[in-house]
Amino acid sequence: MKKSLVALAVLGGFAGMAAAQSSVTLFGVVDVAATYVKNDDAKQKKLTSGGNSTSRLGFRGVEDLGGGLKASFWLESHINVDDGTQNSSGKFWHRRSTVSLSGGFGEVRLGRDLLPTWTAFADYDPFGTVGVGDKGRLFNVYGGAATKNRADNIIAYFLPSTLGGIYGQLSVAAGEGNDANKYVGGRLGYKAGPFDVTAAYGQTELPADDYQVAVISGSYDFGMAKLMLSYQQTDYLSNKDKFLGVGVTAPVGPGTLKLAYNRTDGEANGAHGDADQFAIGYVYDLSKRTAIYSTLAYIKNKSGASRAGNYSVSDIAGRPMTAGEKSTGFDLGIRHSF
Amino acid sequence: MKKSLVALAVLGGFAGMAAAQSSVTLFGVVDVAATYVKNDDAKQKKLTSGGNSTSRLGFRGVEDLGGGLKASFWLESHINVDDGTQNSSGKFWHRRSTVSLSGGFGEVRLGRDLLPTWTAFADYDPFGTVGVGDKGRLFNVYGGAATKNRADNIIAYFLPSTLGGIYGQLSVAAGEGNDANKYVGGRLGYKAGPFDVTAAYGQTELPADDYQVAVISGSYDFGMAKLMLSYQQTDYLSNKDKFLGVGVTAPVGPGTLKLAYNRTDGEANGAHGDADQFAIGYVYDLSKRTAIYSTLAYIKNKSGASRAGNYSVSDIAGRPMTAGEKSTGFDLGIRHSF
Amino acid sequence: MKKSLVALAVLGGFAGMAAAQSSVTLFGVVDVAATYVKNDDAKQKKLTSGGNSTSRLGFRGVEDLGGGLKASFWLESHINVDDGTQNSSGKFWHRRSTVSLSGGFGEVRLGRDLLPTWTAFADYDPFGTVGVGDKGRLFNVYGGAATKNRADNIIAYFLPSTLGGIYGQLSVAAGEGNDANKYVGGRLGYKAGPFDVTAAYGQTELPADDYQVAVISGSYDFGMAKLMLSYQQTDYLSNKDKFLGVGVTAPVGPGTLKLAYNRTDGEANGAHGDADQFAIGYVYDLSKRTAIYSTLAYIKNKSGASRAGNYSVSDIAGRPMTAGEKSTGFDLGIRHSF
Numbered sequence: 001m002k003k004s005l006v007a008l009a010v011l012g013g014f015a016g017m018a019a020a021q022s023s024v025t026l027f028g029v030v031d032v033a034a035t036y037v038k039n040d041d042a043k044q045k046k047l048t049s050g051g052n053s054t055s056r057l058g059f060r061g062v063e064d065l066g067g068g069l070k071a072s073f074w075l076e077s078h079i080n081v082d083d084g085t086q087n088s089s090g091k092f093w094h095r096r097s098t099v100s101l102s103g104g105f106g107e108v109r110l111g112r113d114l115l116p117t118w119t120a121f122a123d124y125d126p127f128g129t130v131g132v133g134d135k136g137r138l139f140n141v142y143g144g145a146a147t148k149n150r151a152d153n154i155i156a157y158f159l160p161s162t163l164g165g166i167y168g169q170l171s172v173a174a175g176e177g178n179d180a181n182k183y184v185g186g187r188l189g190y191k192a193g194p195f196d197v198t199a200a201y202g203q204t205e206l207p208a209d210d211y212q213v214a215v216i217s218g219s220y221d222f223g224m225a226k227l228m229l230s231y232q233q234t235d236y237l238s239n240k241d242k243f244l245g246v247g248v249t250a251p252v253g254p255g256t257l258k259l260a261y262n263r264t265d266g267e268a269n270g271a272h273g274d275a276d277q278f279a280i281g282y283v284y285d286l287s288k289r290t291a292i293y294s295t296l297a298y299i300k301n302k303s304g305a306s307r308a309g310n311y312s313v314s315d316i317a318g319r320p321m322t323a324g325e326k327s328t329g330f331d332l333g334i335r336h337s338f
Numbered sequence: 001m002k003k004s005l006v007a008l009a010v011l012g013g014f015a016g017m018a019a020a021q022s023s024v025t026l027f028g029v030v031d032v033a034a035t036y037v038k039n040d041d042a043k044q045k046k047l048t049s050g051g052n053s054t055s056r057l058g059f060r061g062v063e064d065l066g067g068g069l070k071a072s073f074w075l076e077s078h079i080n081v082d083d084g085t086q087n088s089s090g091k092f093w094h095r096r097s098t099v100s101l102s103g104g105f106g107e108v109r110l111g112r113d114l115l116p117t118w119t120a121f122a123d124y125d126p127f128g129t130v131g132v133g134d135k136g137r138l139f140n141v142y143g144g145a146a147t148k149n150r151a152d153n154i155i156a157y158f159l160p161s162t163l164g165g166i167y168g169q170l171s172v173a174a175g176e177g178n179d180a181n182k183y184v185g186g187r188l189g190y191k192a193g194p195f196d197v198t199a200a201y202g203q204t205e206l207p208a209d210d211y212q213v214a215v216i217s218g219s220y221d222f223g224m225a226k227l228m229l230s231y232q233q234t235d236y237l238s239n240k241d242k243f244l245g246v247g248v249t250a251p252v253g254p255g256t257l258k259l260a261y262n263r264t265d266g267e268a269n270g271a272h273g274d275a276d277q278f279a280i281g282y283v284y285d286l287s288k289r290t291a292i293y294s295t296l297a298y299i300k301n302k303s304g305a306s307r308a309g310n311y312s313v314s315d316i317a318g319r320p321m322t323a324g325e326k327s328t329g330f331d332l333g334i335r336h337s338f
Numbered sequence: 001m002k003k004s005l006v007a008l009a010v011l012g013g014f015a016g017m018a019a020a021q022s023s024v025t026l027f028g029v030v031d032v033a034a035t036y037v038k039n040d041d042a043k044q045k046k047l048t049s050g051g052n053s054t055s056r057l058g059f060r061g062v063e064d065l066g067g068g069l070k071a072s073f074w075l076e077s078h079i080n081v082d083d084g085t086q087n088s089s090g091k092f093w094h095r096r097s098t099v100s101l102s103g104g105f106g107e108v109r110l111g112r113d114l115l116p117t118w119t120a121f122a123d124y125d126p127f128g129t130v131g132v133g134d135k136g137r138l139f140n141v142y143g144g145a146a147t148k149n150r151a152d153n154i155i156a157y158f159l160p161s162t163l164g165g166i167y168g169q170l171s172v173a174a175g176e177g178n179d180a181n182k183y184v185g186g187r188l189g190y191k192a193g194p195f196d197v198t199a200a201y202g203q204t205e206l207p208a209d210d211y212q213v214a215v216i217s218g219s220y221d222f223g224m225a226k227l228m229l230s231y232q233q234t235d236y237l238s239n240k241d242k243f244l245g246v247g248v249t250a251p252v253g254p255g256t257l258k259l260a261y262n263r264t265d266g267e268a269n270g271a272h273g274d275a276d277q278f279a280i281g282y283v284y285d286l287s288k289r290t291a292i293y294s295t296l297a298y299i300k301n302k303s304g305a306s307r308a309g310n311y312s313v314s315d316i317a318g319r320p321m322t323a324g325e326k327s328t329g330f331d332l333g334i335r336h337s338f
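Chains as they are written, first to last, in the UniProt record's numbering: chain A, 1 to 338; chain B, 1 to 338; chain C, 1 to 338.
What the hints contain is simulated information worked out from the structure, not anything from laboratory work.
As the structure is a computational prediction, the values presented were derived from the model and not from experiment.
Treat the hints loosely; a few may be bogus.
As the list claims (entries may be wrong) - Here chain A is said to cover these stretches of chain C; the calculated rule only asks that three of the stretch's residues, wherever they fall, bring their Cβ under 8 Å from a Cβ of chain A:
(1) 36–47
(2) 84–96
(3) 278–290
Unchecked claim - Examples of chain A residues lying across from chain C (beta carbon under 8 Å, computed):
(4) V24
(5) G61
(6) K91
(7) W93
(8) G106
(9) L110
(10) L114
(11) N149
(12) D152
(13) I155
(14) E176
(15) N178
To be verified - Below, computed lysine-lysine pairings styled on DSS-like, alpha-carbon distance capped at 25 Å:
(16) A:K46 with A:K300
(17) A:K226 with A:K242
(18) C:K300 with C:K148
(19) C:K46 with A:K148
(20) A:K148 with C:K45
(21) B:K91 with C:K91
(22) B:K43 with B:K300
(23) A:K43 with A:K326
(24) A:K70 with C:K288
(25) B:K91 with A:K46
(26) B:K288 with C:K70
(27) C:K148 with C:K91
(28) C:K91 with A:K91
(29) C:K226 with C:K191
Ideal Cβ positions, reconstructed from N, Cα and C, are used throughout, including at glycine.
Based on the provided sequences and hints, a complete structural model is requested.
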């Protein structure tokens, strides 16, 4: 969204002249799609929010403290534009609420934020882990850990951007009395021209076992197409999920064609729980800020009834999938950023 | 409120120069009144929010996509300024959350929004369906339909403004598994100089019967006064409400005098359930954006105990009215728009 | 925070040129600290929000109506930046939601706001009644009164600022059917150069007795240090709390040293319930808007088990203190205003 954060940035420009230390940016996305979903025989037509990019409203700002030091803040809410609600987490600033100090040493960031393991997983999905093609639907969390994509009470350190393409972060989230919220994880990557590779590891110490996530992802931009790959392993007791995702984005006509194939090889309590996902989409850009998009996606919950209940792949439709079922989704939507 | 949306529109102006595609407007209303209400012997003095105009905070923006095409968004929250809460619906963006594409063909709008039947009813109330004089207090919904004034998951089409005074919209709301939220309705109107007429019809397919609303409204501005008329019929099983509303607004001194007489002839389960409402108010304009206002209103629940429980007219005070009771309300408030 | 409200004020400046009546200011604070707390043997490491100044986001504006008359509004939300939630009161605009008319006569303000007794208590705490050093931890409310620091449904009158240093306010909050929310109170003060003194009284008529708060506070700025004193008495049935607070702030190096000693002599149901609090902190200013701060604080719940359950001093850690226990807190945080 960075390119499309315009609104108050203009003000920031004026503020820059009038009062050097001031800059607040208002930014957001409104994204609504007409969506059709089908779980075997269960069908639903509905309006959904955030099929191409999560609908949001945010405020962020940077203050130059001199000597290369900067203070900044970021408050970002989640909006369901289809029904006017905020995120079901009950957190108004669900997506991010942080304060940072940054400089030559890197950045220290405090608050609620994304986890490094999620970033390393999600940034390499042509569908941005949203909508019917979201590869996160094959990401199953075990042991009741609340540390899938975001966590509260994070102290994070980010490497500076001056390390010749090396980037990384270390994040620790305080559980504050709840083990499910506790997290320690890091991410390390290297980016050079069209090439980008990232590895991340994170764990949540649950009473019965450590819930562990390890992920390695990479992308290469061939110009006519960009290839994305992700491999992720999740461990908790006898549950072991191996996720493999392949994605392609390619500029076609006035927009972008997106393709993804993802699969999970799940070993929940010793039984196999496998699932396949295919997704194809096209994003037609009306401007840098506005697009019409459409996606067709399909999940096949491969294994038999023997492991039903032990392993659940998130479906596309409202009704949960049962073992062996397939789920299909189609959307046609508008995404507008500001 | 359109005239009073100033704040960030100025920014929009600058943005217009600096980056042609950018314009975000911050807008809002804060309206608080000291209110006295009485239901027969039950009295209450209280502070209320939105006696003249619903208190709100919103962000909206328009992007020019070229070739007459525009993308726009609208996020509008409801505020109870008397106690700092948002709307009791739990939807932060309770009033509106939409994304639109518009052009010579009209406008396609997706999200949570007003219903055409409500607009055709509410736009012809001198008291704007808020405060103690709100004519919506005589509008009774049957069958548990959740489609009185707004709905989630709407796909709407609006006619362009180039049809020689003809305007209209068609709105379909997906129920998403809940019949009470489903809605199909439309509105068609004609406006020429001082004359304006609108008709609308909408229905919600409930399991037992279709809940139907039909309304025809009009206004004529004589200069020294503006006359407003509304007739609305509501049908559900054996419940049939016939609403008639007459309103007058007249510029008097530095403000506006407002008068209304509304009545419902209600046939709930075969028994008559009638109610009368009188309201008089004065809005003293301190500026285009700020006014002091006062309203005196009265509802008489005419019928006897035989139909109590079958038909409920929304009272002004906190305690529900019982059959044959009357409810009186008086407010004195400040409305400030930004 | 007034000095640091920059962002949209700049817009206000432009608005001043383009449309004289317009000015909306966006303002806020993001403040997060790493905090260590200990209640006897119970320890916790956590991230907390608002250790130096309550994290918030707000919008406010003033309109010049001519002839010295002004209309203004103020909407201020509370943010827990550590976890992205709003205030646990469920009120999004928890901190303030008001509309005002002001002029030579003073100011009439309607809505949710601070209470005069709280202002007279809180404004004389070097730690601003936030964080581990918050003197409000020794302020115990009796009888279930909901009128400690803020109330809904307030009609308030403020004296004009032209009375030669005399200032004051009278606030009445409608209970709206709940005695615990009802409040009548006032504040009167005098400020001249380095000297400032305030007295306030407020009461909530509860069914069993009036819950009464009386407070007298003052400060003197000696230049090398500023001394703050507060004495407050709370009465409800046989519960009588006498609070005494002494605070000092002193410019030391590039920041401010803060010291406080507070004690409550509590007579709850005839038994003594005393508590002592010590706090020391340093705020290192990185700029006018941004600071790093650290605080060490200690509460000693002096009395014996005989009065446990009758008198509770709010602890620093998550677990409630029991009689005779002590609570220790330490924080290290960043506060950034915008």
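Proposed proximity, K45 of chain C with K148 of chain A (alpha carbon, max 25 Å): Status holds; Cα separation ~22 Å.
25 Å limit on alpha-carbon distance, applied to hinted pair K46 of chain A and K300 of chain A: 22 Å, holds
Closest C-beta approach of N178 of chain A to chain C relative to 8 Å, hint status: Since the shortest Cβ distance to chain C is 11 Å, the answer is violated.
Interface hint status, L110 of chain A versus chain C (Cβ within 8 Å): It holds, given that the least Cβ distance between L110 of chain A and chain C is near 4 Å, below 8 Å.
Proposed proximity, K148 of chain A with K46 of chain C (alpha carbon, max 25 Å): 20 Å, holds
Minimum beta-carbon distance criterion (8 Å), G61 of chain A to chain C: This interface hint holds because 5 Å falls under the 8 Å limit.
Supplied contact hint for N149 of chain A, tested at 8 Å Cβ to chain C: Violated, because the Cβ-Cβ distance from N149 of chain A to chain C comes to roughly 13 Å (cut-off 8 Å).
Satisfaction of hint between K326 of chain A and K43 of chain A, Cα-Cα up to 25 Å: Within the cut-off at roughly 12 Å; holds.
I155 of chain A as an interface hint toward chain C, with CB separation required under 8 Å: 6 Å, holds
Pair hint outcome, K300 of chain C versus K148 of chain C [Cα-Cα no greater than 25 Å]: 22 Å, holds
Restraint check for K91 of chain B with K46 of chain A, where alpha carbons must lie at most 25 Å apart: 18 Å, holds
When the least beta-carbon distance from E176 of chain A to chain C is tested against 8 Å, hint result: With a closest approach of 5 Å, the E176 of chain A hint holds.
The structure fails hints 8, 10, 11, 15 (numbered hints given earlier, in ascending order).
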